[in-house]
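> Residue numbers (the numbering used here): 4 to 44.
Bear in mind the hints are in silico, worked out from the structure with no lab data behind them.
Since the structure is predicted, the reported quantities are computational estimates derived from the model, not experimental observations.
We treat Cβ as the ideally placed atom computed from N, Cα and C, and that holds for glycine.
Incorrect hints may have been included.
If you anchor each label on the Cβ, the simulated ranges turn out as follows [as the list claims (entries may be wrong)]:
#1 35 x 14: 29 to 35 Å
#2 42 x 9: 30 to 36 Å
#3 14 x 36: 29 to 35 Å
#4 44 x 14: 41 to 47 Å
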Amino acid sequence: MGSSPDFTLAENIAGFASWAFGSLVVVGVASVIARSLSSAS
4 MGSSPDFTLA ENIAGFASWA FGSLVVVGVA SVIARSLSSA S
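From just these sequences and the hints, can you work out the full model?
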């Protein structure tokens, strides 16, 4: 395991990508739940 800037940059990009994907999933699930609730009422 080296401490080169390229590795840390790739790690930061991977962490940001997983965080962005996770928030997208949360927003998608929330919109689906809100849509089903509004259609049910």
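> The structure should be examined with respect to each hint, and the outcome stated for every one.
Do the hints match the structure? See the list:
1. 35 x 14: 29 to 35 Å: 32 Å, holds
2. 42 x 9: 30 to 36 Å: 49 Å, violated
3. 14 x 36: 29 to 35 Å: 33 Å, holds
4. 44 x 14: 41 to 47 Å: 45 Å, holds
Of the hints listed earlier, the one the structure fails to meet is number 2.
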